[in-house]
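Engineer: Sequence:
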Amino acid sequence: NGKQCQIRAGVHTGDVCSGVVGSRMPRYCLFGDTVNTASRMESTSLPGRMQVSEATHALVSGAAVGDDDGNGSSCFEWEMRRNVSMKGKGELQTYLLVS
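Residue numbers for the sequence shown, in my numbering: 4 to 102.
Accuracy of the hints is not assured; some may be wrong.
Pairwise CB distance ranges, derived in the manner of DEER restraints [stated by the list, open to error]:
id : residue 1 : residue 2 : range
1  : E94       : R11       : 14 to 24 Å
2  : K6        : G35       : 16 to 26 Å
3  : M28       : E82       : 17 to 27 Å
4  : D18       : L99       : 18 to 28 Å
Calculated directly from the structure, the hints in this document are not laboratory data.
Computed from a predicted structure; not experimentally measured.
For every residue, glycine included, the Cβ atom is placed at its ideal position computed from N, Cα and C.
Please take these sequences and the hints and turn them into a complete structure.
Structural biologist: Here it is, written out as structure tokens:
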């Protein structure tokens, strides 16, 4: 139809549990709060954008590495989003990838 496809993506950082589920058609699955939060990041994101949690933003922006200025040395540009309400999590600070 000539229209551009726009997807949403969500990323969160944390612990997960994984394993193979099923015997006739085995699947490798991930479980845990981190997976659920990443799913919520995706569902509350905007079309054509990637939304990340505060924990992920801290890691990819270099802030978690202990930079002196706290700004990190990220090669990514981020847009701070207003607090986003997520089911089961309350209000979370999130960031959208700009470039």
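Engineer: A separate judgement is required for each hint: does it hold in the structure or not?
Structural biologist: Here is what the structure says about each hint:
1. E94 / R11: 14 to 24 Å: holds (20 Å)
2. K6 / G35: 16 to 26 Å: violated (36 Å)
3. M28 / E82: 17 to 27 Å: violated (41 Å)
4. D18 / L99: 18 to 28 Å: holds (25 Å)
Against the hints set out earlier in the document, violations occur for numbers 2, 3.
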